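All chains should be modelled from the sequences, with the hints used to inform the complete structure.
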Amino acid sequence: MKVVWEQTRSFSAPTRLLMANQFAINLAFYMLMPYLAAHLAGPLGLAAWAVGLVLGVRNFSQQGMFLVGGTIADRFGYKAPIMAGCLLRTAGFGLLGWVDSLPALIAASAATGFAGALFNPAVRAYLAAEAGERRVDAFATFNVYYQAGMFLGPLVGLALLAADFQAVCAVAAAIFALLTALQWRALPDRRGTSADGPSGPAESVLAQWRSVLANRPFLLFSGAMIGSYVLTFQVYLALPLAAGDALGAHATKVTSGLFVVSAAVAVAGQLRLTAWAKARWSPHQALTVGLSCMGLAFVPLALTPRDLPAMVLIALVGAVVLLAVGGAIVYPFEMDTVVALCDNRLVATHYGLYNTVSGLGITLGNLAIGALWDFAQSHRMAWLTWGALIATGFACAVSVTALARSGRLAPRRAVEAVG
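Counting in our numbering, the sequence shown runs from 1 upward without gaps.
FYI, nobody ran anything at the bench for these hints, they're computed from the structure. Watch out, some of these pointers could steer you wrong.
Claimed, not checked - Estimated spans, in silico, between C-beta atoms of each pair: (1) 161 <-> 47: 15 to 25 Å; (2) 303 <-> 13: 48 to 58 Å; (3) 245 <-> 37: 15 to 25 Å.
Said to hold, decoys possible - Calculated lysine to aspartate or glutamate pairs in the EDC-like style (CA-CA distance at most 20 Å, straight line): (4) 278 <-> 100; (5) 278 <-> 137; (6) 79 <-> 189; (7) 253 <-> 307; (8) 2 <-> 137; (9) 278 <-> 133.
Since the model is a prediction, treat every value here as computed from it, not as a measurement. Virtual Cβ for every residue (Gly too), placed ideally from N, Cα, C.
Structure, rendered in structure tokens:
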């Protein structure tokens, strides 16, 4: 923790505030969301389809609106959407604890989702602008706080559930209210560089979107990285399925433990892994290594028979560790590459579209992995699912390498100068 603290202190006050904000955002979010489905189905007595609808609305209103949130940030500055997102989530989380009708729950869920679409692109664009040439280090440190919030949130939420679900919602809403006030008083307003200049975008929203969509290297990179998000999400899908298949009644505890291991590896190893990667590889090489590591995470599961529970448990832990290590290597270089590919222009809009693409990829990828899992189980070919995930990791690595060798991962300004 001393290393994390020293690294944090080396950044500017706004950067430190953004990191603290992200820790609190994740703390509040993850103290509530893991227990929302049980609250909806249990005390409120909603049918399974209604629970799925409420949760689906939240996911869609966030993933589907990232581009809008990023556009707002580039047009009106980063501070306003960050504050608006926190204020909206204050209202949404507060409502979730006290309403019981389906329309009200859907409205609250939509508010919490759109809130994330507002502040996520703005926070990352602000961080990139404030960090300057230290973007990789800033995003690495940012990810430590991000993961720490994910780690502590469910534990705090579980403790508050000893009172009731309303206590969880009240505390989560209070955290976001405090964040809103803190950013209003302490976060300087900052604008990014638009497509026309640093003074702000004069062109229309559609023109901004056309500018982003015309950035072919960025779109190719976004497509190449989709698989990494599918792999990361398997902590929520394929790994719990494997735990349930092999470990039966112990699967829930094992799955909870896997989340703890994943967050702990990221928090403890992020800064060391980033420094190690920077010292040895170029950004695209670090991405390739990290993506390959994420693909290799599923090799032990492909080789482990399902009728050996102890071995499956070891393979699951190994998979989570390798996924976390690979993700920690990838994240700061990935975020830095997005900024480089947009030449520091319309950064929040690029981040917004990037998040939308990855969210769509997760949805489609999970549908495919789920269908493949059912097919593999019915045909006693469990290795097939893991083989597909291994191939996904290496396909991403090969794609990034191909883009780098073709010059498409070079900063746009450098490419234009050569041309």
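Now for the hints, and whether the structure bears them out:
1. 161 <-> 47: 15 to 25 Å: holds, 23 Å
2. 303 <-> 13: 48 to 58 Å: holds, 50 Å
3. 245 <-> 37: 15 to 25 Å: Check passed, 21 Å falls within 15 to 25 Å.
4. 278 <-> 100: violated, 51 Å
5. 278 <-> 137: Answer holds: residue 278 to residue 137 is near 10 Å, not above 20 Å.
6. 79 <-> 189: holds, 5 Å
7. 253 <-> 307: The hint holds at about 19 Å.
8. 2 <-> 137: holds, 16 Å
9. 278 <-> 133: holds, 13 Å
Against the hints set out earlier in the document, a violation occurs for number 4 only.
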